[in-house]
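Q: Here are the chains, one letter per residue:
Number of protein chains: 2
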Amino acid sequence: MTSAGRGKEVKKDEIAELARRRGFLWQAFEIYGGAAGFYDYGPLGAQLKRRIEEVWRDFYMMEGFYEIETTNIAPGGIFEASGHLESFTDQAVVCKHCKSFFRVAGSVKVREKCPACGGELEAAGEFNLMFQTRIGVPKGDSDSGVKKSEGYLRPETAQGIFLNFQRLLRFNRDKLPFGIIQIGKAYRNEISPRKSLIRLREFTMAEAEVFVDPKGKNNHPRFEDVKDRMLRIVPGEGEGGGEEEKSVGEAVKSGIIANEYLGYHIAKVDEFLERIGIPRAKVRFRQHLREEMAHYARDCWDAEFLSERYGWMEIVGVADRGDYDLSAHASFSNADMSVHAQADAQGEAEPVKLIPHVIEPSYGIDRIFYALLESSLYEEQVGKEKRKVLRLKSEMAPIKAAVFPLLNRDELKKKAREVFQKLRDASIFVEYDDSGSIGRRYRRQDEIGTPYCITIDYETLEDDTVTIRERDTMKQVRVAIAEVKDVLVKV
Amino acid sequence: MTSAGRGKEVKKDEIAELARRRGFLWQAFEIYGGAAGFYDYGPLGAQLKRRIEEVWRDFYMMEGFYEIETTNIAPGGIFEASGHLESFTDQAVVCKHCKSFFRVAGSVKVREKCPACGGELEAAGEFNLMFQTRIGVPKGDSDSGVKKSEGYLRPETAQGIFLNFQRLLRFNRDKLPFGIIQIGKAYRNEISPRKSLIRLREFTMAEAEVFVDPKGKNNHPRFEDVKDRMLRIVPGEGEGGGEEEKSVGEAVKSGIIANEYLGYHIAKVDEFLERIGIPRAKVRFRQHLREEMAHYARDCWDAEFLSERYGWMEIVGVADRGDYDLSAHASFSNADMSVHAQADAQGEAEPVKLIPHVIEPSYGIDRIFYALLESSLYEEQVGKEKRKVLRLKSEMAPIKAAVFPLLNRDELKKKAREVFQKLRDASIFVEYDDSGSIGRRYRRQDEIGTPYCITIDYETLEDDTVTIRERDTMKQVRVAIAEVKDVLVKV
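Same order as they appear, the protein sequences are chains A and B. 27 is the number of the first residue of the first sequence in our numbering; add one for each residue after it. 27 is the number of the first residue of the second sequence in our numbering; add one for each residue after it.
One or more of the hints may lead you astray.
It does not matter which identical chain is meant; a pair holds if it fits inside one copy or across any two.
Pairs of lysine-lysine residues, derived as DSS-like cross-links and limited to a Cα-Cα distance of at most 25 Å, are as follows [unchecked claim]: (1) Lys201 with Lys440; (2) Lys448 with Lys253; (3) Lys439 with Lys379.
Don't read these hints as lab results, they were simulated from the structure.
The following block holds chain A by itself, in its conformation from the complex (with noise of 0.2 Å):
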């Protein structure tokens, strides 16, 4: 029922501000000062994160994919095989007066002034991003290399799912293609992090990791059911950097996506993006010039979102892995990666042993959320007054309704609490609130997007019916208590 473009859309720092005040985003550790890059999650933050993560999962797991949870903490071997121990790093200057460090990036570049007190800066050397730790007690000096003990915090959840492979392989009976998600944390141990939940020392990632013979990655099975999708796309520098709009099917025929399964998890990104609300026009792919992917990746696209704060930032990653990883870990570990590829598929008279190719879809939850936050929360005239609205789709919103008396009044108030108390036991999340005008209380559902407010009056005394109050079209209509529930569950 959202109503596009009605209303103006609201300032970027109304976002902050709403999301403090209202308990979505929380600054951590904020009596202590705070630390940059870390965020907490408010009650109505935690429960919007919640479920766009559960969306998530439902999504890939119609897919077929099955989910698994591996470690936050793992030794430094792993990370040396996966390449993040030479490679993860970023360049930093040190301010010789002040002596605070600043990653090399975007504004802040060596021979500039320092940020902070404008004194001079100087080269400081490669920094390697993951935070590191020691499992155990520390057993002297003797070792050598990377010590057994030293740990790191995961930069990305992938390396759990590829240091399983053998055995998920043995769990999908020993065929390809199979994808594996997981959602959890990961870290980055940023030098100096400044843009609230852009660039995170703490996050949340959800990442699929889609196995595929690499001969059979221009053959995806259901490519057809996202064929005509239309995407805007802006190809990396072969192309001359220019936006377009093209079909997935285009795309992949004209060579621009560089197979069928890159294409097929992009246009699934994107379906997953228009699903859970954020709008399409704010939406685009960006191929990644040479020069800024990632060690492991062959191909990288990334679905951007137009903030009104950021410009355009990325919000999900799709790359073709290649054999990197599984490739990376067969030679440092010994284990064997490869697959016993049909004769038939591979059109060679004789069974042959292959190392499957990698197409991962890789979401950023944190940014999501932001993005979904600030493209859904709208100011409008009612009246004489503004109200703020937050158009979440309904079964994002973190309270799926409110129940009020419509008066501070004993026996309204006894009423409502059992329509709130049963609303609450056929497990819909609901508040209740008799606090302030009715009028206020509706703002106050207004702008964390709750759908709908149920009110209570003197008529619901006589004759068990109530009025059911719409967000966007501030529209009332009277229902029996008694359908109350199937109409909250339909919508």
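Given the coordinates of chain A, work out where chain B should sit on it, guided by the hints.
A: Chain B only, in chain A's frame:
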């Protein structure tokens, strides 16, 4: 439909074997030789763990509690305040010969021999059990005391809730009591972990922090609902330490359980464990002895599960943390952690300011997962064969139903695929299997706890009916395809 007592219970090592073979639980980093204290959840394990977490979340949200999500990493200052830097420690001994470290506990004490090589042991001091890391780029050695850049992985999720207390109070409109929940990873850098899932270095906790007026602890508004629940309890030393059966009401009345809030939440833990299917006969509540209590606790009860493998093991702790944490953070951060109590609630003439007390049920999800596996696995004789069956409650089972073609014929496989897809489209998590004899396929599903197997045969092609076979009774019924969904959803 579980017929408890039928079939004999399966010996302990078979659980680990099944968990590994069928994709419930895998030792982490195995291709690199593994690392003690770290496990990964495979596809079926992650699914079962998720069900435990979802039921837990719903259970406490029905209490009116809100969930939040705070960071895994936190600066050192927080754990200075919380007391973990000083008190979250174990004594270690080191072997003079092989240099292995061991935790001083149970079987390993100073003057005994090294469990690894038989060498002589000596005291090696006290080790803090938090994983340490460094946030951002090191800024030289000029800092003193706990450096701002020193970070730790949280040893419990609770501190993240305490740090946000003021905001959470405001979210609850400045009223007590209220409850906040969190599910997430916690970490404990064990000196020498050995016992699989029982002593992990990285684990999942589900915690509720209930903030209450200290003068209201003996007046829980819903105590009536739980007071007649019978518990098997082991009071601390003051009571002689014997096991007894008592109702929650009696235990509170006689002072064995200190107050109604603590009693209410002990009863809720018992209810939750029963809800997910842990047999009541295998659960007891044991009060901590004074010397084993955590540094923050005034009183603490463990819900213990009687494991065939490990004996009585803690799976949940319910602690009265008093005002320890809020007072500590108030004092270290200078934040105001007090609440204006209502005059009438206090029986005082004037409103007073108070620091709330905290009642905390704290669940170890991995141990509950293990307890559920162990207590659900049975082996029984069926004709001449033995079958293993995982008698999980239907709502907990990783896979809700499996769909089989009776024979390996194209027309049956096609129809079975259709039924499979139809159920999956209805968001029911089903599996398809056409490999091996039907008996073998039943056994495969039995041992992972799938409650229903749906078989497509030649009759299906004629009249669109299938057989549904129930796991525990092994009885089969014939049902129209159109009704299968309802049958599965209902049970």
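Q: Failing hints, ascending?
A: Going through the list in order, the structure violates hint 3 alone and respects the others.
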